[in-house]
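**Student:** With chain A's structure known, arrange chain B on it following the hints.
Take a look at the letters that make up each chain.
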Amino acid sequence: MRSIRRLLFFLVLSGVAACGGSDDGRESLSVLNRGLNTEPESLDAHKARSLQAADVLRDLGEGLVSFTSTGELTEGTAESWEVSDDLLTYTFHLRPEAKWSNGDAVTAEHFVFSVKRLIEPATAAFYAQFLVDVTELRAIDEHTLQIMLKRPTPYLLSLLTHPATFPMHPGALAEHGDGFARPGKMISNGAYVLTDWVPGSVLTLNRNEYYWNNANTAIDEIRHHISSQETAEYARYRAGELDITSSVPTDNFEQVRRDNGDELHIAPYQNIYYYGYNLSKPPFKNSPELRQALSMAIDRELLVEKVTGRGETPAYSWVPPGVDNYEPTVFAYAPLTQDERNQIAQTLYAEAGYSKQKPLRLELRYNTNDTHKKVAVAIQSMWRDVLGFEVDLINEEFQVLLANIRDKEVTQVFRSSWVGDYNDAHTFLSILQSQNAANVPGYASEEYDALLLRAAEQADLDRRRLYMEEAERVMLADHPTIPIYFYVSKHLVKPRVAGWGDNVLDYHYSQHLSLKAAE
Amino acid sequence: MLLRLLGAIPTLLLVIVLAFLMVHAAPGGPFDDERVLPTDVAANIQAAYHLDEPLPQQFTRYMAGLLRGDLGPSYRYRDYTVSELIGSGFPISLQLGALAMALALLVGISSGTVAALKQGSMLDRVVMSFAMTGISIPVFVVAPVLVLLLAVKLQWLPAGWSGESGFAKFVLPVITLALPQIAYIARLTRASMIDVLGCDFIRTARSQGLGSKAIIRVHALKPAMLPVLSYMGPAIAAILTGTVVVEEVFGIPGLGQFFVRGALNRDYTLVLGIVIFYAALIISLNLVVDILYGFIDPRVRQR
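Protein chains in written order, with this note's numbering: chain A, 6 to 524; chain B, 63 to 365.
Here chain A stands alone, though its shape is the one from the complex (with noise of 0.2 angstroms):
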């Protein structure tokens, strides 16, 4: 009986000593707190991936050039720059006043050492094969920075926001090699520095007092909260403890506007949700009028304002809208009436050689969650109403389907989805080409890829435009995926926060915003 007393006092004990507080004189520092769907896999730029990562490294770094907080290209680390008339040459100059969060300076060295480490083999970057179009990147003075490329790159300003292209410190690697991301290690050039990470919860940052714009950075302290699922940072938000969310819960999505109206940012975003074909089997294979068929027969409208209903757009493209020197162009359907739709694509589903007595057999694939099961239930009824067949649905754990999706063994009609890297119809139309990686249909049309090849080569914007919207047309008519809609993004922002822009591709630097004083 005494050992079990003396076991629950220690047990009790050992809970409370450990923990014990902490709030002591960070009083007078101004803290946001904002919430993170996903925990960053990596803050070493080379090795990250995620958008989550991304989003934190804009807090932590700042690459040549950077995006105010609505969406347009601005100045970073580079104060100016010219580009040659072949559009193959551009030159920047760096800010003398450009700091590490160590004090030194910031020189065009920095990036060519990054640009090295990040296409060496043994860095493993997932982003690799970013910078495939330049050809050279080189240090002219401690200043001045110049880079050559392969053919015409009209998003190059774009790519050199991202994270995989800001400078590294030399130093910090050489100390603490590969394990550098780390609290007390990192050496950044942003507006702040990594103070505290833990793994799985918080992730915190100060101000970084070196920056060349410190003085117009007015939140000294950024905290970014893990919260992977949606309905619990929904609460965390209700009850104070998060300024800014990553994501709005659908369930409570009506909730959430009747209560929080004010405070909900709903925007467009280059992501797109679309549903694939594998190009390689029957009966999608040789067949694009079944593939029209099925495209056609879904009611997309109602889909958005029925089943998703958060403001997202029907997709007759697929190529978002909002994208920089470019008109997306539409399927040649889309003028037409649900109804008018749906008779072609009857039409088209008994010219493939189906009917009520032979129907289509089919399986729909998708990962397991909420929104993508009414998504699949909804198309399911569309298509059993207008074609009269009826689909199997199947979920599947996500690391499973993107298996199945990757082997095109099994899988007839899968979920899919894309974020635009950079803002250009590139980061969409290059995805499809047949050569690419990421083109999960195994879509390949020899047309479409000249048409992309020839867009590559112009200088002239365009006529690389029309290219690629030509290419775009070719792509639609042959049905290689169903384009679904277009993804919003979705967030809670707390009254007292100042700054906040909506951008096309939900960007949202912690540096822009500011703390309104308490009423």
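Possibly wrong hints are sitting among the right ones.
[Said to hold, decoys possible] Listed next, the in silico DSS-like pairs over lysine-lysine satisfying Cα-Cα at most 30 angstroms (straight line):
hint : chain 1 : residue 1 : chain 2 : residue 2
1    : A       : 499       : B       : 231
2    : A       : 286       : A       : 378
3    : B       : 215       : B       : 231
4    : A       : 499       : B       : 215
5    : A       : 121       : A       : 104
6    : A       : 363       : A       : 378
7    : A       : 155       : A       : 121
8    : A       : 521       : B       : 215
9    : A       : 311       : A       : 499
10   : A       : 379       : A       : 311
11   : A       : 363       : A       : 290
12   : B       : 231       : A       : 521
Just so you know, these hints were derived from the structure itself, not from any lab.
**Tutor:** This is chain B only, laid out in the frame that chain A set:
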């Protein structure tokens, strides 16, 4: 005792082999993503983590590391090693589990004892129906309700973990975790206490004029605790698995959350590391419970 310790080694080995085979048998890999990588980039990454080698070779490599005490790098948390993640997650899960266990024993035993003494009374019925409810409502239902009530509406306690809230952040997760255990322990204690109180030696004690408090404390509690003590093993296991859910729901950076994420992300090394760690822990806990049993019941020692 030494024999039992040695006997644990093949068990542990079997666990490692099975776990290794199972994580690798799961479809997909740690670097699969909707954003499919260019073929040579993917191949380079596979090679960098030795995932291109045949499975037996990967296993030998892993075991060689394990013998040196190296659980390898995490594939998903690329800036951390598995040992670092276990080191950061386990103390949190331990505190959570220990506090929940302490709460469960404290509340469970006392309410069970009270119910036994007032058998058939209103109080007894209240305690027992509470216990039944506690057993039947799952954690993922209790947790959001508690959060909504105590954190969102009343704002007495934090809704999440990562704010600076000291001890307060433990309250909701610990209650959620302890609730079903309180219920079990209360029922066990009540049943066994009623049994013991009906025994001859208690009647003898009573006939010698001892007060009921003294009877409970000196004579009844100890034998009545034996079933509860046997239940400690399953209770610890239940709390261990319970932390997995509770940590996920409350966003607590403990081992349970790493385990779930690790499995979903195919973070082979992280999952294996935690399985091995837990297996070793459970094997040693079983030993400890056996020893404790010996202290409380001399008959076990003699055998």
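**Student:** With reference to the structure, classify each hint as holding or not holding.
**Tutor:** To see whether the hints hold, each was checked on the structure:
Straight-line distance between C-alpha atoms of residue 499(A) and residue 231(B) comes to about 23 angstroms, which keeps the hinted pair within the 30 angstroms bound. Straight-line distance between C-alpha atoms of residue 286(A) and residue 378(A) comes to about 25 angstroms, which keeps the hinted pair within the 30 angstroms bound. Under the criterion of a C-alpha separation no larger than 30 angstroms, the hint pairing residue 215(B) with residue 231(B) is consistent with the structure, at around 16 angstroms. This hinted pair checks out: residue 499(A) and residue 215(B) have alpha carbons roughly 18 angstroms apart, not beyond 30 angstroms.
This hinted pair checks out: residue 121(A) and residue 104(A) have alpha carbons roughly 21 angstroms apart, not beyond 30 angstroms. Restraint check for residue 363(A) and residue 378(A): satisfied, since their Cα atoms lie roughly 27 angstroms apart, inside the 30 angstroms limit. For the proposed pair residue 155(A) and residue 121(A), the alpha carbon gap of about 17 angstroms is at most 30 angstroms, so the pair holds. The suggested pairing of residue 521(A) with residue 215(B) holds, with an alpha-carbon distance near 25 angstroms, which does not exceed 30 angstroms.
With a C-alpha separation of about 28 angstroms, the suggested pair residue 311(A) and residue 499(A) falls inside the 30 angstroms cut-off, and the hint holds. The straight-line distance between the Cα atoms of residue 379(A) and residue 311(A) is roughly 10 angstroms, inside the 30 angstroms bound, and the hint therefore holds. In summary, the hint linking residue 363(A) to residue 290(A) is supported, as the alpha carbons are separated by about 19 angstroms, within the 30 angstroms threshold. Simply put, residue 231(B) and residue 521(A) have alpha-carbon atoms about 28 angstroms apart, close enough for the 30 angstroms limit, and the pair holds.
In the structure shown, no violation is registered for any of the earlier numbered hints.
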